[in-house]
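Colleague: What follows is the residue order along each chain.
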Amino acid sequence: MNRAVTTERITPNSGFAKAILGESGVDVNLCYQCGKCAAGCPVAYVMDYPPAQLIHAARLGLEDLVLSSKTIWLCAACETCTTRCPQDVDIAKVMDAAKILGVARGYRPALGEVRAFHKAALANVRRFGRMWEAGMIVSLKLRTRRFTKDLDLGKRMLRKGKLRLFPTLRGARRAARVFSRVEKAEEEREST
Amino acid sequence: MRYAYYPGCSLHSTGSEFDLSLRAVSPRLGLELEEVEGWICCGSTPAHSVSGLLALALPVANLSLVERMRREEVVVPCASCFRRLKAGHHETTESPEVMERVNAVVEPPYQGTVEIRHPLEILSAPEMLRRISTLATKDLSHLRVACYYGCLLTRPPEVMRFDRHEYPMSMDTVLRAAGITTLEWNSKTMCCGAAFSLTETEIVYKLTADILEEARAAGANASAVACPLCHANLDTRQSEIEERLERTFGLPAFYFTQLLGLAMGIPAGRLGIGKHLVDAGGLLPPEPEPLMEAASVVVCRECDLPTRGGGNRE
Numbered sequence: 001m002n003r004a005v006t007t008e009r010i011t012p013n014s015g016f017a018k019a020i021l022g023e024s025g026v027d028v029n030l031c032y033q034c035g036k037c038a039a040g041c042p043v044a045y046v047m048d049y050p051p052a053q054l055i056h057a058a059r060l061g062l063e064d065l066v067l068s069s070k071t072i073w074l075c076a077a078c079e080t081c082t083t084r085c086p087q088d089v090d091i092a093k094v095m096d097a098a099k100i101l102g103v104a105r106g107y108r109p110a111l112g113e114v115r116a117f118h119k120a121a122l123a124n125v126r127r128f129g130r131m132w133e134a135g136m137i138v139s140l141k142l143r144t145r146r147f148t149k150d151l152d153l154g155k156r157m158l159r160k161g162k163l164r165l166f167p168t169l170r171g172a173r174r175a176a177r178v179f180s181r182v183e184k185a186e187e188e189r190e191s192t
Numbered sequence: 193m194r195y196a197y198y199p200g201c202s203l204h205s206t207g208s209e210f211d212l213s214l215r216a217v218s219p220r221l222g223l224e225l226e227e228v229e230g231w232i233c234c235g236s237t238p239a240h241s242v243s244g245l246l247a248l249a250l251p252v253a254n255l256s257l258v259e260r261m262r263r264e265e266v267v268v269p270c271a272s273c274f275r276r277l278k279a280g281h282h283e284t285t286e287s288p289e290v291m292e293r294v295n296a297v298v299e300p301p302y303q304g305t306v307e308i309r310h311p312l313e314i315l316s317a318p319e320m321l322r323r324i325s326t327l328a329t330k331d332l333s334h335l336r337v338a339c340y341y342g343c344l345l346t347r348p349p350e351v352m353r354f355d356r357h358e359y360p361m362s363m364d365t366v367l368r369a370a371g372i373t374t375l376e377w378n379s380k381t382m383c384c385g386a387a388f389s390l391t392e393t394e395i396v397y398k399l400t401a402d403i404l405e406e407a408r409a410a411g412a413n414a415s416a417v418a419c420p421l422c423h424a425n426l427d428t429r430q431s432e433i434e435e436r437l438e439r440t441f442g443l444p445a446f447y448f449t450q451l452l453g454l455a456m457g458i459p460a461g462r463l464g465i466g467k468h469l470v471d472a473g474g475l476l477p478p479e480p481e482p483l484m485e486a487a488s489v490v491v492c493r494e495c496d497l498p499t500r501g502g503g504n505r506e
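Heads up: the protein sequence lines correspond to chains F and E, in order. Each step along the first sequence adds one to the number in my numbering, with nothing skipped, and position 122 is 122. Each step along the second sequence adds one to the number in my numbering, with nothing skipped, and position 26 is 218.
Simulated from the structure, these hints should not be mistaken for laboratory data. The model shown is predicted, which means the values in this text are computed figures rather than measured ones. Even glycine gets a Cβ: it sits at the ideal position worked out from N, Cα and C. It is possible that some hints are incorrect.
[What the hints assert, rightly or not] Heads up, simulated DSS-like pairs for lysine-lysine below, C-alpha to C-alpha not over 30 angstroms straight-line:
{"id": "1", "chain 1": "F", "residue 1": "Lys184", "chain 2": "F", "residue 2": "Lys18"}
{"id": "2", "chain 1": "E", "residue 1": "Lys398", "chain 2": "F", "residue 2": "Lys160"}
{"id": "3", "chain 1": "F", "residue 1": "Lys155", "chain 2": "F", "residue 2": "Lys141"}
{"id": "4", "chain 1": "F", "residue 1": "Lys155", "chain 2": "E", "residue 2": "Lys467"}
{"id": "5", "chain 1": "F", "residue 1": "Lys18", "chain 2": "E", "residue 2": "Lys398"}
{"id": "6", "chain 1": "E", "residue 1": "Lys398", "chain 2": "F", "residue 2": "Lys93"}
{"id": "7", "chain 1": "F", "residue 1": "Lys155", "chain 2": "E", "residue 2": "Lys398"}
{"id": "8", "chain 1": "F", "residue 1": "Lys93", "chain 2": "E", "residue 2": "Lys278"}
{"id": "9", "chain 1": "E", "residue 1": "Lys398", "chain 2": "F", "residue 2": "Lys70"}
{"id": "10", "chain 1": "F", "residue 1": "Lys119", "chain 2": "E", "residue 2": "Lys398"}
[As the list claims (entries may be wrong)] With the C-beta cut set under 10 angstroms, the calculated list includes, among others, these residues of chain F facing chain E:
{"id": "11", "residue": "Lys93"}
{"id": "12", "residue": "Arg108"}
{"id": "13", "residue": "Val125"}
{"id": "14", "residue": "Gly129"}
{"id": "15", "residue": "Lys149"}
{"id": "16", "residue": "Leu153"}
Required output: the full structure, derived from the provided sequences and hints.
Modeller: Here it is in structure tokens:
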């Protein structure tokens, strides 16, 4: 709990808090630091800043700290914090908004593999419409260069018929349409 | 009762036994499932981590397909799909602006009419519980099951509106109706590490080990789940966890639909139980069935349901 020390000038109701609000619809200024989110978080033990501290940092406008933190990439999206927050701050959604803002503003994700997984999974869905796990895993390995990880498990799952060797293409065109329209809508939104 | 059915990606691959066992028990319970034609992935965790709009557009694109089928209710067994479809419906119907933004990228536009139902919600209705206890003729009294609900079935409660969010009971109620003992325990809604299975596997090892430990401490000899990712972590990763901790759990993880099927006398092979990595062999009822027992099930003339025992009972 001793790392959120800054020499930056702190502005209440910061522009960064407004950016989070714009991306997610969540107002971090509602947080009164009860710490319930941090207490219930199952992954707080590996985070560099527990969720309550991260929310506070966002409130104070510490953009660098938030967007380059491990915390935002370690959130498992279990939504325990969101469920228990007495002020109805959707903390899990703030974590998503911070990941999205971080990527948009050129911050290097603190956990590259997690980002690689998101990209591999979505590229797969965009192409096939439905997730083709075997293909996604291969593409994840190409991105992370960890070829031997889970190899044995993969073989056991193939033997049990839990991984399909070939993708289906049912719904592929439909998914591709949704993806490209979303991409276009987001480009338009950014340019305005 | 006829429902639209959205299996989602996992139920066609890593969690195919959830699909298999749900399809096996449904007709016996009077549920007809009609798969949504041309459904696509709900986007799951990757979509909401990358784009707020995509995270709503993918599930809503499926809800609009359900409307095209002229169905009002869609059954969604996977906890993550259930969460995402509920999010799509909730956020678009709460705000006309969100609906407009989403419908600009989805075709045909979503009208907001679909009700998203989890099988547990349907099966825990009182008349369904009566049906289950009539159909469950197999003795599974040796089972002591820890029902593991995971995160997304109940959270966040104002969106999911399903069961009690800290200590849910629907799965317990359903399995108890089938004559299966379920346990009070502490980790019903703890996180297993979910989507970190492939990337930050160390987190999954720790969180899943904690859950297995709790289940064992409560006296469980099996767990029951309703989520393919929970199953992947509890079952598929279990032997690795055992190696690391130098400890044996030997705790088979079943989908609750598989346990229901077993209780109804459906053979384990038809429920996909052989697909698990943790061997459940010792817990299964003996097969093949003795002929005598099959003959003793008669169909009630009044309600068209099999009843226990022979004779002229109605």
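Colleague: Against each hint, give a clear statement of whether it holds in the structure.
Modeller: Here's how the hints hold up against the structure:
no. : hint                   : in the structure
1   : F/Lys184 with F/Lys18  : 24 angstroms, holds
2   : E/Lys398 with F/Lys160 : 25 angstroms, holds
3   : F/Lys155 with F/Lys141 : 15 angstroms, holds
4   : F/Lys155 with E/Lys467 : 13 angstroms, holds
5   : F/Lys18 with E/Lys398  : 36 angstroms, violated
6   : E/Lys398 with F/Lys93  : 24 angstroms, holds
7   : F/Lys155 with E/Lys398 : 23 angstroms, holds
8   : F/Lys93 with E/Lys278  : 15 angstroms, holds
9   : E/Lys398 with F/Lys70  : 18 angstroms, holds
10  : F/Lys119 with E/Lys398 : 25 angstroms, holds
11  : Lys93                  : 8 angstroms, holds
12  : Arg108                 : 16 angstroms, violated
13  : Val125                 : 4 angstroms, holds
14  : Gly129                 : 5 angstroms, holds
15  : Lys149                 : 8 angstroms, holds
16  : Leu153                 : 7 angstroms, holds
In terms of the numbered hints stated before, the structure departs from hints 5, 12, listed from lowest to highest.
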